[in-house]
Structure formats: structure tokens, C-alpha cells
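Line by line, the protein sequences are chains R and G.
Our numbering puts the first residue of the first sequence at 1, with every later residue one more than the last.
Our numbering puts the first residue of the second sequence at 1, with every later residue one more than the last.
If you are wondering where the hints come from, they were derived from the structure by calculation, not from laboratory data.
Possibly wrong hints are sitting among the right ones.
Note that identical chains are pooled: a pair holds if it fits in a single copy or bridges any two copies.
Said to hold, decoys possible - Think about it this way: if two alpha-carbon atoms lie no more than 20 Å apart in a straight line, the pair counts; the simulated SDA-like pairs of lysine to any residue are: (1) 166 - 156; (2) 166 - 154; (3) 67 - 216.
On a predicted model such as this, the values are computed, not experimentally measured, just so you know.
2 protein chains.
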Amino acid sequence: MNSAPLGIFDSGVGGLTVVRAVQELLPAENLLYLGDTARLPYGSKSPETIRNFADEDVRFLISKGVKAIVVACNTATAHALPSLHEKYRIPILGVIEPGVEAALANPNAQRIGIIATRGTVGSHAYQHALALRRTGLIIHAVATPLLVPFIEENWIDHPATRLVLKTYLDPLVEKGIDTLMLACTHYPLLIPVLREILPAEVSLVDSATTCAEHLKKELTRLKMLATDEGQGDLELHLTDLSEEFESLARQFLKKSPGRIYRAVLGV
Amino acid sequence: MNSAPLGIFDSGVGGLTVVRAVQELLPAENLLYLGDTARLPYGSKSPETIRNFADEDVRFLISKGVKAIVVACNTATAHALPSLHEKYRIPILGVIEPGVEAALANPNAQRIGIIATRGTVGSHAYQHALALRRTGLIIHAVATPLLVPFIEENWIDHPATRLVLKTYLDPLVEKGIDTLMLACTHYPLLIPVLREILPAEVSLVDSATTCAEHLKKELTRLKMLATDEGQGDLELHLTDLSEEFESLARQFLKKSPGRIYRAVLGV
Chain R
1 MNSAPLGIFD SGVGGLTVVR AVQELLPAEN LLYLGDTARL PYGSKSPETI RNFADEDVRF
61 LISKGVKAIV VACNTATAHA LPSLHEKYRI PILGVIEPGV EAALANPNAQ RIGIIATRGT
121 VGSHAYQHAL ALRRTGLIIH AVATPLLVPF IEENWIDHPA TRLVLKTYLD PLVEKGIDTL
181 MLACTHYPLL IPVLREILPA EVSLVDSATT CAEHLKKELT RLKMLATDEG QGDLELHLTD
241 LSEEFESLAR QFLKKSPGRI YRAVLGV
Chain G
1 MNSAPLGIFD SGVGGLTVVR AVQELLPAEN LLYLGDTARL PYGSKSPETI RNFADEDVRF
61 LISKGVKAIV VACNTATAHA LPSLHEKYRI PILGVIEPGV EAALANPNAQ RIGIIATRGT
121 VGSHAYQHAL ALRRTGLIIH AVATPLLVPF IEENWIDHPA TRLVLKTYLD PLVEKGIDTL
181 MLACTHYPLL IPVLREILPA EVSLVDSATT CAEHLKKELT RLKMLATDEG QGDLELHLTD
241 LSEEFESLAR QFLKKSPGRI YRAVLGV
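The following block holds chain R by itself, in its conformation from the complex:
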């Protein structure tokens, strides 16, 4: 049992979808969120740069006394999680393994589509994790870099968003996918429109809810669940503050983010 906060980080505010899912499943946990808004996005940058950024993010959270860390960013999980595991002893969980486990919980899943940033697709982390667990899977991973900008503009219902989604997804549907992995923590906000566009038989697996469930299991196993009964706190730290990021944080959390602190990394 451990009432220290859980650290959760992402390149920006997309990881707040994970925060929401964790708050629903583990309401007593205190959460300390770091969004590296000064240097977002990570999804288009090189593996080495992403590893350097993720390392600074983890060091910041450790300096705040967190008991465990969730990498609430698929690109950072894909490129940095192995090196973070080598370097730090604190439990660090990513979003990829939980998503892969959830996708393969369906014994009939056979044709898996993956949509993600270019960085995540290029890392082959999902493809590798899937292939390790089930032989004979047919995997189609597509980089969909225009989705985050549309989500951040809150143009989710705009016809252009549907046109972009159809351009990305039609080839996957033609290939007969039975599962679509939303391999970016921004994408849960697209679920309603994806449900309209995709055939009903395609299962959607998102990073937020699957990560929260995995976290609950891990904290239970490590005997690190929060001891208090009450509602935990959420403290937001961003490396760049602006009205824009505040309003995005509200959109992702579906409630006021409260006071936001400015984080200074690498000091």
C-alpha cells in the first residue's frame, strides 16, 4: 500500500485520456501528470530525440516522489520504454503491452489494423508485440499523422476529418481487418466517428482504458495501491502553458483541469 502519487507523462495533453481512464478505475490514486507541451509532438521526431525527452520526463516525475510511472504516449513507449526499464528501478508501464493483450483477448482476432503516429508505426513495437503472442496474424499498420491536429482543433465532426479518416481507413477495411488498434492516446476522442465509419464487426481497442486496467493489475501485484478511501488528487504540470493547452486539457479531461503548473525539465 502506497499513497505516493502515480506519475503519468505524455508529449502533450493526449495522455489525459489515460488519466481519465485511471481516475475511473482507481479513483483513490493521486495522480501527477506531466505534459511536455513545449516540445510536442513526439510522434514525428527521431527515436534518439524521443528517448532523450522521455528520460527527462521520467527524471522530473521521480524528482516529485512518484511511486510508479505510466508512459501515456505510444511513441515514447515504442521508442523509449526498453531504455527506461534498463536505467530506472521504479515501475514504469507503457501503453503498448496492455493494448496488445486487450486486442488478443479476442481469440478470433486475426487481421489487426493499427493507426498511430509515424514514430510509433516506424518503431514496429506493436507489430513485434503482436507477432510474439500469436502466430499467423495479419497486421496492417498505417501512420495517420493528420489525426492529432484535427483532434487538437476539436474538428472531430468536420467533414474534412471524415475525409481524412476514410482516406486512412478505407484500405484497412478493404483488407478485412477485424480489430483496429487506436495506438495513440489522442484517438479515444475519435471513437464515436470511427464507429460511424467502420463496419460494425471491427473491434476498437484503445490505449486509455486498456492501460488503466493493466495499471490496476500491476499496482495490485506490487502491493502499491493507494491506501486512502477518498478521491485522489490530480496535479497537472506542463512544460509550456497557454490558454490553448488549458482548453485542450479541459476537452480531454471533460472537466476543469484545476491549477496547472509550469514544469522546467533538465535542471
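With the hints as your guide, set chain G onto chain R.
Okay, now just chain G, sitting in the frame of chain R:
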């Protein structure tokens, strides 16, 4: 006369449209370009963060011995140019004044549309510079944050890009603009599609060619033009290297960027 290189910087590779224009107009100049690809974009970030980043960019270029600096980024010009002028004695030119001068070179320009990042629009730098020079102008500035992602994806001819452009521009056309300022160094790549969408009587003013012309005047006035007769060199430095950025650099320069160096700032 001075054969030291000219320093040109941008948040990423968009400023290469300025490089192309400078190479055409001042072929003998040696150019040293810095793109802060590790922290791009600047357009959505706060004024304070943009000023810190621009300051580090300028210090890097000065450490390389440049004779003058062009801020080939509208957002950085809008938020950081005044503080850079206060702090440094080296000539530093932005992209806003040249664009404004060019727009108002037409004595009939009266209804000015501006499209730019959220940072540039929010700075009111264009609106202020225009209003200082001509009374009675009607100015409509619109933040168009989805354009850079589409340009960087090279989806310029995609129907979704046209739909996004029409969503942004139709209200400006309805307001009867006679001039549209493309207040982002990425946007010159949109000129062909803009010409199709906009009424023929709307003049387009871009940051790249107007900045190159202004630079030529300033270097002449300061007696700092390159002395050599031959073709100048171009040296590219990026804070994050990836295949993606190399291919974007090629797209913006319309030729091979040659060897690209990795820049480390703030040391």
C-alpha cells in the same frame, strides 16, 4: 562587403521557402540554416517559450559566425523579434515588415486577410504593423493551424486540404478581401491551390519572396553583400534529424539538401 554566411532560422523546415527565395535573389551568399525540428512547431506555443527558443536559435547562429540573421518564421518574428533586437547588435530581420510593405505597395489594398498560426494571429503583430502604415484598413486575421500538417504530409492536392482551406477562406472571401497575406513560411507551397480557390482579384503576398527582397535592400544598405561572384553554399543544421525531415527539406528546397548537421542548442 562581407563573405561570412547569413544565418536563417525557423522552427522547422518551412523557412526553407525563404532560403529558396534568397538563393534566387542573392545567389552568391553563403547560407547557414537552423531548423529547430526537435521542438517544432512554434506556432501553437506560448510567447515566453517562443522567445526562449528564438534566443537559443540566435545564439547558435552567432556562435557559427554569421554576419546577419533572418528569422524565417512568422511566429518567432511576431513574438521574439523586438526582444532579439534589444539583446543583440547583429542585424536581425524578420518576415513581417517585408510582407506588410509588399501588401501595402498596392495603393488600393484596403481589405486585408491574414492566415497564420494561432501564435502569429494572437500576437497582433501583422494587424499592428498594417494599422501603423495605413489608416482605415479592414483586417481579418484567421488562425489556420491545420495547414502546416497538410503541407508537411504533402497532401496539398488532397480533397480534404481543399475542404479545410475553403472552411478557413470562405468567410474571408465573403468579407471581400482584396489581399491575402500568407503569414507562415510554409504557405508558399499552397499558392497553386489557393489560386484555384480564391477569386482572381485577390492578391497573394507571401513571406518568402518579400523577405528575400527586403534582405537584399538591407544588406546593400549595410554594405554587407557577399563579395564573391560564385554560387554560395547552403549548410543545414537541424536539432532533430530523421528521414522525414530530410524528405521534407527536399520538398521545400525542390532539390537535395546535401549533408544535414545535427545542431545542439543551449550549450
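Hint check:
no., hint, result
1, 166 - 156, "both (13 Å within a copy, 17 Å between copies)"
2, 166 - 154, "both (18 Å within a copy, 17 Å between copies)"
3, 67 - 216, "within (14 Å within a copy, 59 Å between copies)"
The earlier numbered hints are all upheld by this structure, with none contradicted.
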